[in-house]
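Student: Letter by letter, the chains look like this.
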Amino acid sequence: MLEINNLHVKLQEEDKVILSGVDLKIGPGEVHAIMGPNGSGKSTLSYVLAGRDGYQVTEGSARLEGAELLEMEPEARAAAGLFLAFQYPVEIPGVGNMTFLRTAVNAQKKSRGEPELSAAEFLKLVREKAKALKIDAEMLKRPVNVGFSGGEKKRNEILQMAMLEPRMCILDETDSGLDVDAMKLVADGVNALRGAGRSFLVITHYQRLLDHIKPDFVHIMAAGRIVRTGGPELALEVEANGYADILGEVG
Amino acid sequence: MAMAKPKEDALAARLQSLATPDARGWLATARTEALARLQAMGLPTRRDEYWRYTDPAALNAPDVPAAARFDAGDEVEPFDAMDRLRIVFVDGVFDAEASDDLTLSGVRIERLASAGAADIHWAQGLYGVLEARGHSPVARPFAALNSAFATDGVLIHVTGKVAKPVSVVYLHESKTSDAMLHHCVKLDSGAELTLLENGPAAARFNEVLEVDLAEGASFHHIRLQGRAHERRAVTHLFARLAQKAELRSFTLTANGRLTRNEAVIELAGAEALAHLAGAAVGDGDFHHDDTIFVTHAAPACESRQVFKKVLMNGAVGVFQGKILVRQAAQKTDGYQISQSLLLDGDSQFLAKPELEIYADDVKCSHGSTSGAIDETALFYLQSRGVPRAAAQGLLVLAFLAEAIGEIADETIGEDIRARLEHWLARHSAKAGQ
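As given, the protein sequences belong to chains B and W, one line each in that order. The number in our numbering is simply the position in the first sequence, starting from 1, with 286 added. The number in our numbering is simply the position in the second sequence, starting from 1, with 92 added.
If we strip away everything but chain W, and leave its shape as in the complex, we get (with noise of 0.2 Å):
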């Protein structure tokens, strides 16, 4: 398949950049596959329709962008009170010292780094394999790029009941770091694990996270994007889901100058349950892109993708949600919402909702809106004592429950509402309204 020429430039200079990683052991092989993906589909560019709303010069350029270190100040660190395992990542290197033990009853945690050098591995039947299957029908180069090149990452496996939850803590230190890290986590049947992420990582960040949960396994899932202001990230998230296994993700995204966020889900077994949530907070230069594939080829299961951003002063918002229910999928029950707020006339969300559908007794509904605060509500807030700007953020905080609702534990749901509301108390639309 000829490849057009600006891709086949694209990757060239790209590839040139990069260091050839360390070629050992089953992770050698798994490498060298992700690679020929990626000469065969070549880098994205705008031309691309899946990249038609949000331009991918600055994840594709060979030099990185810089990107400013963000100080939080005396902020508390997001999960800081909750009892949890740390792994922590600065600029994308891993951070012995300030990581924890990575030993947990439940679970084996190994790094990437240091388990693909092995002849054999439990990873090699999952590391860039749901990559591989993601591809179809739409190529994903950035995370082939990833499997070819992530230079470490965490492998997880669950066999039973976690005590606490893992929690990959990413720290941005250098103004041009370029990190690519690609995390495994394996759940066997009837495991539980819930994975904690947050941070800004690097300048530039990309991740892949594949996941396979064996049946009735439980995966749950929180991701803080970290508030640097200049940050560019793309991450992937592929999971294959056997019968009446489950999956729940949150994303928080405030601040960030380009973010595109991938989730590719197959719901593989019988009543399986996959519940994808963002809430994302953007003032001036800041495009967001959530762009969402999940499949139905199994009966009875569940799928729910709620997405709510806030936008002002220009901020850029984008939704590519698709539904694809395989002929198998009867009784499938699917769900999509993707929803704007635009504080100013500036700012701009680009939706593309899909439903694709080949079972017949199936129930899919999808929706998605882009609308200015309501001034009414505003009013009657503002007649009751209510500040305007404190009438607004509660108006706001109102317009994301949806998607906060989604996470299951309560204390990290309150935790994130009042970070949120932090948030809205230090911005506002500068037009007004």
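One chain only, chain B, in its complex shape (with noise of 0.2 Å):
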């Protein structure tokens, strides 16, 4: 589904290399998880991939079912399947969150010849998905993310996932601000999107999200590169020790 191969990343106004050489292969279905320390390079892999301005791409690939994602501009990224849940939703003033919603999912189709979607179709389909995730209709009428508590944000980021239904899904520290309940409605948000099609990028600092979203493959970063992978107890072990023994381990 994603792979990522030998990616050097550096800011662009500052000479700052974020990314230096990171190899990662997810295969369809399958979900996975990269821990790591503050500052070792996870929300910039995320940023990058989507298309973010601001960072230069040194060196290296990163291909979405063999398309490279890299020369693509973000709404085309969108449009082949990539999807990235934001750590911080932005708030956007005066953009309903349902015009929003229908102008993104409309676009992809639109880019992808596929036909679009009525207004009675897309109202059925968003009331059905928002009721899953507990979103009530007052909160599709509001702008953007404005006025949105933290837990409401994620769950919107998620009801834009469950509407586009992208192949590759990002979730970028989807868990930071969160309540248990919260984290919990989230997760189970996310849960049901799994299936054979769709793979899952969790970026998180905690072991707890884990618990509700189990993945397949643990990767520790640290200075820009992967530094470890292993199953879901990598995860615990960090839980228990720390990354401290890991990158003690790893020099």
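In short, the hints are calculated from the structure, not lab data. One or more hints might be untrue.
For each label pair, taking beta carbons as the anchor points, the in silico distance ranges come out as [stated by the list, open to error]:
(1) W:Ala517 to B:Asp422: 45 to 53 Å
(2) W:Ala510 to B:Thr515: 51 to 59 Å
(3) W:Glu189 to B:Arg398: 46 to 54 Å
(4) B:Pro379 to W:Tyr450: 30 to 38 Å
(5) W:Arg509 to B:Ser404: 16 to 24 Å
(6) B:Lys410 to W:Ala510: 31 to 39 Å
(7) W:Arg509 to B:Gly399: 26 to 34 Å
(8) B:Gly399 to W:Ser457: 24 to 32 Å
(9) W:Asp377 to B:Ser347: 21 to 29 Å
(10) B:Glu407 to W:Ala190: 19 to 27 Å
(11) B:Gly307 to W:Gln440: 26 to 34 Å
(12) W:Ala150 to B:Arg398: 32 to 40 Å
Every residue, glycine too, gets a C-beta built ideally from N, C-alpha and C.
Hints in hand, dock the two standalone chains.
Tutor: So, in structure tokens, the structure goes:
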């Protein structure tokens, strides 16, 4: 599904290297988790994959089902099936959540040459998906993320994911700022989307999210590289001993 | 009072180029008085504080700077689907064939050109009267010039509730037309009227609209200034509101080389309400100036000024807005916001918001901002699959939403939104960001 090879990235404005040779291969239907200390490059990896400005790829590639992502505009990556659930979902005053969702869904359909959803079809679909995430009609009417609580913002991210039906989902610290109940709700939303044709990359600091979204593989990232890969037990090791041991081992 | 030489010369040259209008009836007196006011103040130059950000030279020039006619193609005329009484002026000249019959229940509609010759007329108490009051503390010479030389206009006296909106349509045909129209609108106690204006009017257009609202009267005004790229316009809205009267005015400006829209509003009776709003979008050779003066002269009145401009490729926006709260105007609720969205580094927004308050129990807020498009929001939209141009369009419309939201009629608001969407789809900042 997603294949990252030897990815090197630096900040465009300053000469600071953030990623120094990331290799990662995610198969169809797999759930991978990336853990690592602050500043290890986890969020940068997600932004670079989604196509945010301000980063310069100096080496390497990232292919989504064979197509080179790094040469595409962000909207083309989305249409190709990539989705990033933001760590800090952006507030957009003046744009209604519903308008936003419909514009996004139809823009993707259009770029894939599929027929757009009618207002009625869209409404039916969004209501159904919103209900599962306990997102009420009021939240759909409000401007995108404006005045939403931390939990509401994250649920709104998952709603977008459910509506857009991407094949490769990246969750960037989706657990940050969530209480236990909200985390459960978000995790249930994600689990409902799991399936053979859809892969996940879950970026998190803590093991607790992985209790709810069970990964197939866990990677530890440090200093811009993946330094260790293992099964779910690796997350438990981190939880018990912190990163110091692992990082010390790797040198 | 001695007038500066350049002003005197500019005035003399302009007056020489103007035909003396037919002088009969009550209008002759009003014109003579207006000319005297104009002669005392002269025409403005860039040296005047009030014209620091907008060069009046093209509005002063004896010869009209040429403006090509704009062809909107097969685009539907604004307000087309609405049931309205249509009054058409072509280059400032009344077009009887294209206009509807001026008879409508609850209102008396006449043309200035014909009603002006009467000995006595209700408009005597309004024509040039609010304009004359409006020169203090700042002179507005183009309005006085208009009162002295306007060739026509519409006089509307509303006695009850008018069944449909009165719609004034301004067509522009001649490349060098120089139109001057003067309208008077008087609403009796409790009367209601919606006035629609649209179109570029002429190569150069000078418009004055004087509005007198009696107790509890309600006046809605929606103006679309026409998409002609090269036209120039200076407009003045003067209004006086009695107790509990309501005025809501919205102006959309897309294109036009030079536009100066002044509004001079006096809240004279308690609990009156005035909402003024404007949305302007400009690409390239576009200079748009909103100059607003709201006076709270009575207690418990509410005023709102919401002006938004989207500027690209070197377009210039100006906002000069003032709220004056007199001592008697306790419990005033005043709000003023002027904002611009600069889509590239070449565009410019100049703002001068002012508050002058003499009462002690008032609530007045004002703000002015100027900024670029929010790149983070843009990326967020793109990451959901919305193409960059469409994402920018969404954000620009969101920026304009507060101003468009001031339009009470939802159908018109939707129509204006759709027009802006099309406009945005056709225009984009060359420099990008």
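Student: The structure should be examined with respect to each hint, and the outcome stated for every one.
Tutor: Each hint tested on the structure:
1. W:Ala517 to B:Asp422: 45 to 53 Å: Given range 45 to 53 Å: violated, Cβ gap about 33 Å.
2. W:Ala510 to B:Thr515: 51 to 59 Å: With Cβ atoms ~53 Å apart, the hint holds.
3. W:Glu189 to B:Arg398: 46 to 54 Å: For Glu189 of chain W and Arg398 of chain B the Cβ distance comes to about 53 Å; the hint holds.
4. B:Pro379 to W:Tyr450: 30 to 38 Å: holds (35 Å)
5. W:Arg509 to B:Ser404: 16 to 24 Å: For Ser404 of chain B against Arg509 of chain W, whose Cβ atoms are near 20 Å apart, the range 16 to 24 Å holds.
6. B:Lys410 to W:Ala510: 31 to 39 Å: violated (25 Å)
7. W:Arg509 to B:Gly399: 26 to 34 Å: holds (28 Å)
8. B:Gly399 to W:Ser457: 24 to 32 Å: violated (50 Å)
9. W:Asp377 to B:Ser347: 21 to 29 Å: violated (46 Å)
10. B:Glu407 to W:Ala190: 19 to 27 Å: violated (44 Å)
11. B:Gly307 to W:Gln440: 26 to 34 Å: Since the Cβ atoms of Gly307 of chain B and Gln440 of chain W sit about 46 Å apart, the hinted range of 26 to 34 Å is violated.
12. W:Ala150 to B:Arg398: 32 to 40 Å: violated (51 Å)
Consistency with the previously given hints fails for numbers 1, 6, 8, 9, 10, 11, 12, ordered from lowest to highest.
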